[in-house]
Amino acid sequence: MGFLAKLFGKKPNKEDDKMTNVKLAVIFYSMGGTNFQLSKWAEEGAKQAGADVKIFKVQELAPQSVVEGNEVWKRTTEATKDIPVVTSNDLEWADAIIFSVPTRFGNMPSQMKQFLDTQGGLWATGKTVNKVVSAMTSAQNPHGGQEATILSLYTSMMHWGAIIVPPGYTDPILFGAGGNPYGTSVTVGEDGKMIGDVEGAVKHQAKRTVTVAEWVKKGNQ
1 MGFLAKLFGK KPNKEDDKMT NVKLAVIFYS MGGTNFQLSK WAEEGAKQAG
51 ADVKIFKVQE LAPQSVVEGN EVWKRTTEAT KDIPVVTSND LEWADAIIFS
101 VPTRFGNMPS QMKQFLDTQG GLWATGKTVN KVVSAMTSAQ NPHGGQEATI
151 LSLYTSMMHW GAIIVPPGYT DPILFGAGGN PYGTSVTVGE DGKMIGDVEG
201 AVKHQAKRTV TVAEWVKKGN Q
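The numbers in the sequence shown follow the working numbering, run straight up by one, and end at 221.
Wrong hints could be hidden among the right ones.
To be verified - No more than 30 Å apart at the CA atoms, straight line, and that leaves these computed lysine-lysine pairs for DSS-like:
| no. | residue 1 | residue 2 |
| --- | --- | --- |
| 1 | LYS40 | LYS54 |
| 2 | LYS218 | LYS74 |
| 3 | LYS193 | LYS47 |
| 4 | LYS193 | LYS127 |
| 5 | LYS74 | LYS54 |
| 6 | LYS127 | LYS81 |
| 7 | LYS193 | LYS113 |
The hints are simulated quantities; they were obtained by calculation from the structure and are not laboratory data.
Starting from the given sequences, assemble the full structure and let the hints guide the process.
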């Protein structure tokens with residue numbers, strides 16, 4: 001836009017420039033608060049990279065009585081009450097998506113799976129094609145299914161025709177969080193606190209996702 005403005009004597013339009021920003025949806029499920037925190041760090045990193053970011057949660061499926069009976073779960077529900085529940089329209093809006101979920105027996109939680117399973121309409125009309133996606137996860141121990149959980153989500157993304165952007169080993173900061181090349185994964189101790197230097201890895205992954213989404217978006221313009 002700047003080159004054309006100079007060529008034709010037109011001043012650059014800031015609104016036009018804004019329209020080229022990557023639109024990123026950060027979608028999480030969190031029972032204990034860990035993946036909510038990861039999502040907030042991803043939001044910060046993506047905004048630093050110039051993206052327009054929205055955070056969403058998936059719909060809770062557990063009975064209210066079960067949630068109320070667990071103090072940690074109850075606190076997380078209260079802390080995330082103002083976060084909107086994600087819809088198909090939000091997926092359609094986004095150029096890129098970062099998912100953040102805890103592991104459930106080496107798989108994604110049913111809450112996230114249920115949301116993905118209801119996106120057949122978008123998939124059938126080609127609206128999931130070329131979405132740039134990345135994923136993060138957490139578990140209570142380093143070998144509790146973290147990599148398998150991310151790969152289970154990426155399997156669905158392959159069916160979507162999405163472009164998967166793993167962090168790989170693209171920055172030394174990733175090793176502070178355990179060096180998972182599939183996506184940032186967090187080990188949470190019995191005290192509920194994350195083990196390792198996770199924030200920097202999350203922000204790097206978010207910035208990398210935005211960068212690749214910029215390449216894709218510019219190529220489609």
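### Message
Tell me the numbers of any earlier hints that the structure contravenes, in ascending order.
### Response
2 and 4
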